[in-house]
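Asks: Sequence:
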Amino acid sequence: MLSTELVSECLSCCSEDSDDAMSKVVYSGAVLEVCMRKLVFYPEVVGFIEEEKDQFPFVKVQYAFNSPPKLIMLDDHGEHKETIRSSSSLFFSLLSFVFCVIDNWKREHILQFLKEKVKPSSDI
Numbered sequence: 001m002l003s004t005e006l007v008s009e010c011l012s013c014c015s016e017d018s019d020d021a022m023s024k025v026v027y028s029g030a031v032l033e034v035c036m037r038k039l040v041f042y043p044e045v046v047g048f049i050e051e052e053k054d055q056f057p058f059v060k061v062q063y064a065f066n067s068p069p070k071l072i073m074l075d076d077h078g079e080h081k082e083t084i085r086s087s088s089s090l091f092f093s094l095l096s097f098v099f100c101v102i103d104n105w106k107r108e109h110i111l112q113f114l115k116e117k118v119k120p121s122s123d124i
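Residue numbering for the sequence shown follows full-length UniProt numbering, beginning at 1 and increasing consecutively.
Hints are computed from structural coordinates only; laboratory data are not their basis.
C-beta atoms are modelled at their ideal positions from N, C-alpha and C, and glycine is treated no differently.
One should not assume that every hint holds.
What the hints assert, rightly or not - Each pair of labels, with its calculated beta carbon distance range: (1) 64 - 109: 31 to 39 Å; (2) 112 - 83: 13 to 21 Å; (3) 66 - 26: 27 to 35 Å.
Start from the sequences and build out the full structure, keeping to the hints where you can.
Replies: Here you go:
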């Protein structure tokens, strides 16, 4: 019983550290990449593009054939830093890339993510 408690305590500490580290990561810009033909299947993404995107001048929309909705995060130099794309319903880190579902996100989740994670260079 004691070893189980120790392992549990240890793991909770590690996950808190990794969550905290991820919460501090910010980007200078983003590209929302999606296939124009597939947009009909993603009404929340369409709603963001049509009604909310103008709030984020540092986020560009790029149409690419057969691409699922994904966010390409940019560094201070406008270079590709990480990709946030459709792969599972959970955030997870793999070789410095962060993956999560954006095709299932509601519009308010897209807004919240961009407000928290994307800051133009002058705001960082």
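Asks: The structure should be examined with respect to each hint, and the outcome stated for every one.
Replies: Against the structure, the hints come out as follows:
1. 64 - 109: 31 to 39 Å: violated, 22 Å
2. 112 - 83: 13 to 21 Å: holds, 19 Å
3. 66 - 26: 27 to 35 Å: For residue 66 and residue 26 the Cβ distance comes to about 30 Å; the hint holds.
In terms of the numbered hints stated before, the structure departs from hint 1 and from no other.
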